[in-house]
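**Student:** Below are the chains, spelled out letter by letter.
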Amino acid sequence: MTLYDAIIGKVREIEKKTRMEARVTNISVSAVLTAELTIVSTILLVILMVRKLDVYIMVLFLLVGFMLFSMTPIVVILHREQTDSFHKMIFYVILTFGVLITLLYWGNINV
Amino acid sequence: MIPVQLASFFTAAALILIGIIGVFFIDNLIKKVIALSFISDGVNLFLVTLGYKPGGIVYIYMPGMSSSWFAQNASYPLPFALVLTSIVIGASTLAVMLAIIIILYHRHGSLSSKILED
Amino acid sequence: MKSLIALMVILPILCGLLLNLLHKKDKTIKILALTVAIILPIIPLIASYGAYYFGGYPPIAENPTIAKYLPAYITGSYLVKFHPAITYIFTSAQRIFIFILGIIAFFAIFTSLNEVKKPSGVYSFLMFMATAAVTAILLTDDMFNLYVFFEIATISQAGIILSSNIKGSYKMALRYLFLGGVAAPMLLLGVALLLGVIGNVNISDMVFAMRNGLIGQGNPIFLTAAGLIIFGWLYGSGLPPFHTIKSGLYSKALPHAASLIQAFSVFTLAALGIIILRLFYYIPVVRWAIIIFSIAGMALGISMAIMQTDFKRLIGFLAVGELGYIGIGLGLGTTMSITVGLFQAVNEVLVTACLFLGFGTILYQTGISEIDKLGGLLRYRPGVAGLMILAGFIMAGIPPFNVFQSKLMLIESAISAGFPELAIIMILLSIVTFMTFMKAYYSIYLKPEPRGLEVKAERIPSSTIFSMIILLVICTILGILPQLATSQFGSIIHGLL
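Going down the list, the sequences are from chains A, B and C.
Be aware that the first sequence starts at 1, since it is given in my numbering, and climbs by one per residue.
Be aware that the second sequence starts at 1, since it is given in my numbering, and climbs by one per residue.
Be aware that the third sequence starts at 1, since it is given in my numbering, and climbs by one per residue.
Next comes chain A alone, as it looks inside the complex:
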């Protein structure tokens, strides 16, 4: 089962949930593929860039990257997580708050 088939399957699943007919157009598949490639490229480039900050942060990003790549296709999960659900929004807000404060506190000692 190739990546393309996996994406078609997931897009069909999402389309089934959102509308009556599970019609998958070329436009929606190429949109999802583009988004997937964009996210993967951006993550790889950020991992490369972060080596200038600190090697340990780069290793952390690398681990997060591996975790994300194992959950291919990433962009379908992102689409599911970034809905208008208040619960999801507040979860990511509090998570980001914790990560930000920790990162800045760590940045005092190590950079």
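Hints are not guaranteed to be accurate.
Far from chain A, by Cβ distances over 10 angstroms, these chain B residues were calculated [what the hints assert, rightly or not]:
1. I2
2. P3
3. F9
4. I20
5. K53
6. P54
7. P63
8. S66
9. S67
10. S68
11. S75
12. S92
13. L98
14. R107
15. S113
Here are the simulated DSSO-like cross-link-like pairs (lysine-lysine), alpha carbons at most 30 angstroms apart as the crow flies [claimed, not checked]:
16. C:K167 to C:K447
17. B:K114 to C:K167
18. B:K114 to A:K10
19. C:K447 to C:K373
20. A:K10 to C:K167
21. A:K10 to C:K447
22. C:K2 to C:K117
In short, the hints are calculated from the structure, not lab data.
Predicted model, so just to flag it, every value in this text is computed and none were measured.
Backbone N, C-alpha and C define an ideal beta-carbon position, used for all residues, glycine too.
Chain A is fixed; fit chains B and C onto it per the hints.
**Tutor:** Structure of chains B and C alone, referenced to chain A:
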């Protein structure tokens, strides 16, 4: 015996933490709003505590006081001015949130936060 | 003409309050709102540069009459340089920002008054209050004053969303206020920590205290304050994790209101971003945090945009995604990158406002926002379609328009700062932005018209077309003469670096 100011800082931190946990875990919309007011109350308490001075007097310059004695003994007035404005802002945000919740309750018949899930 | 600095904030507030009182008196509301909306962009052009002190007086060092009566242990210390007032600073950078904000506010108010038979005084009040609040955020040199107007802007924006009468707007406004109820107190807590460390809430005094060694470089309270203020900045601007709620806000607002609200987000990002750089420039982690959040905003915003089937959400996510370019410019921290980041902010506001107004015409004609149900609209309004494709090209970065100039300069500054990876990310995301826009444009205008699509034959309000044309003309002028904007940011950057 913990100093008053330190205890006050801990209380402010506890209020903020309780508020954040409440916003996340509590289902009822009104209780979420109460949790949000806990957060702003915690921050206001933190601000007020910054102006604390052990044995300090109220910062009103009365006739008969020498200016240098007043400057040394008065508690710091700036945080109190900030907190007054902050309380008003908190109250107005609260009012708008509660008004929206009333309308949503009339529409959906429920105060559960599931009405905010799409 | 220094009192004109205060007038930039006071006039829209006063006008808003009057409009609120005059609700239901249609003709008076129209005349008053339009008059003040025309005056708003003119004031920054005639005001003179300088500082305005609200309810206080200039620093003692500039005030020899007061200094005469003070003891030597005050006049001989650094306290003479501190600002005992709420200070508003007006320089060339604020001039261009407030001018552009005034133009967008004028178009939004003009369009809202023209679209309806009975204008709402309350709705105009909300738009004026929010404009005043963002103007104050741009001008203020006082952290707490910034927080106050930040909250006023939040409540006003929530009110604008509530007034749109679109399905789901109440829930979206409530979500926005809930998230603001977490983020804004964190901003205030950051301000409180800075107050505790420095003893003053004036930003210039804080910068002075830092640069003259009055606080330790690695002070952990200072760093926690940095984190908290950055968190508040993320909320105000719409960077992750607040990108979903911001794009939701844009989708639930009327098109002219959405164009105004996105201007608020961009200018809040620029203003708060400059303040964060002024305070925390010498902490490398802070600039890295700005860059990482900006990249996340770009990647998540643009990749979510391309997957949307509702064009209001699509343009909302695109608007959020484009914010990242500004953040990268600020985060890189070189003279060129900060200049270009602020230039990108100006360009961003203009072209996104144009796109929101343009997509609004589709909603006006068909009442549908799902791109799968639309198609073949090119034959009904080819002129508007032409304006839309131009706006889309501008947003993607096609020469000779303004966004091309700013994106090219951003890429150059990223490479010269030693971050070629950032340059590649920016180019990649520009390509995806273009693809996203073309997807929407094809689905709405070029694709064969689906059966059963009802297109209203009414004329699109000329105010909308007029606004779009003026915005596109400004984009072209800034594209051909970018130095008109970039030369304005020198004063801010000299103070920073």
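**Student:** Looking at S113 (chain B) again, its CB stays over 10 angstroms from all of chain A?
**Tutor:** 6 angstroms, violated
**Student:** If I take the minimum Cβ distance from S92 (chain B) to any residue of chain A, is it greater than 10 angstroms?
**Tutor:** 22 angstroms, holds
**Student:** CA of K167 (chain C) to CA of K447 (chain C), is that 30 angstroms or under?
**Tutor:** The hint holds at about 27 angstroms.
**Student:** Say whether it holds or is violated: S68 (chain B) keeps its Cβ farther than 10 angstroms from all Cβ of chain A.
**Tutor:** 38 angstroms, holds
**Student:** Does the no-contact call for S67 (chain B) survive, Cβ to all of chain A over 10 angstroms?
**Tutor:** 40 angstroms, holds
**Student:** Over 10 angstroms from every CB of chain A: does F9 (chain B) meet that, or does the non-interface label fail?
**Tutor:** Holds, since 17 angstroms exceeds 10 angstroms.
**Student:** For I20 (chain B), is the shortest CB-to-CB distance to chain A above 10 angstroms, so the non-interface label stands?
**Tutor:** Since the minimum Cβ distance to chain A is about 6 angstroms, I20 (chain B) lies within 10 angstroms and the statement is violated.
**Student:** Going by Cβ atoms, does S66 (chain B) stay more than 10 angstroms from chain A at every point?
**Tutor:** Correct as stated: the minimum Cβ-Cβ distance to chain A is 43 angstroms, above 10 angstroms.
**Student:** According to the definition I'm using, a residue is off the interface if its beta carbon is farther than 10 angstroms from all beta carbons of the partner; does I2 (chain B) meet that for chain A?
**Tutor:** For I2 (chain B), whose nearest Cβ neighbour in chain A is about 24 angstroms away, the distance exceeds 10 angstroms, so it holds.
**Student:** Was P63 (chain B) rightly flagged as not at the interface, with every chain A Cβ beyond 10 angstroms?
**Tutor:** With a cut-off of 10 angstroms, P63 (chain B) remains clear of chain A, as the shortest Cβ separation is near 48 angstroms.
**Student:** Going by Cβ atoms, does R107 (chain B) stay more than 10 angstroms from chain A at every point?
**Tutor:** 16 angstroms, holds
**Student:** With 10 angstroms as the threshold, tell me whether S75 (chain B) passes as away from chain A on beta-carbon distances.
**Tutor:** The claim holds: S75 (chain B) sits with its nearest Cβ about 29 angstroms from chain A, beyond 10 angstroms.
Consistency with the previously given hints fails for numbers 4, 15, 22, ordered from lowest to highest.
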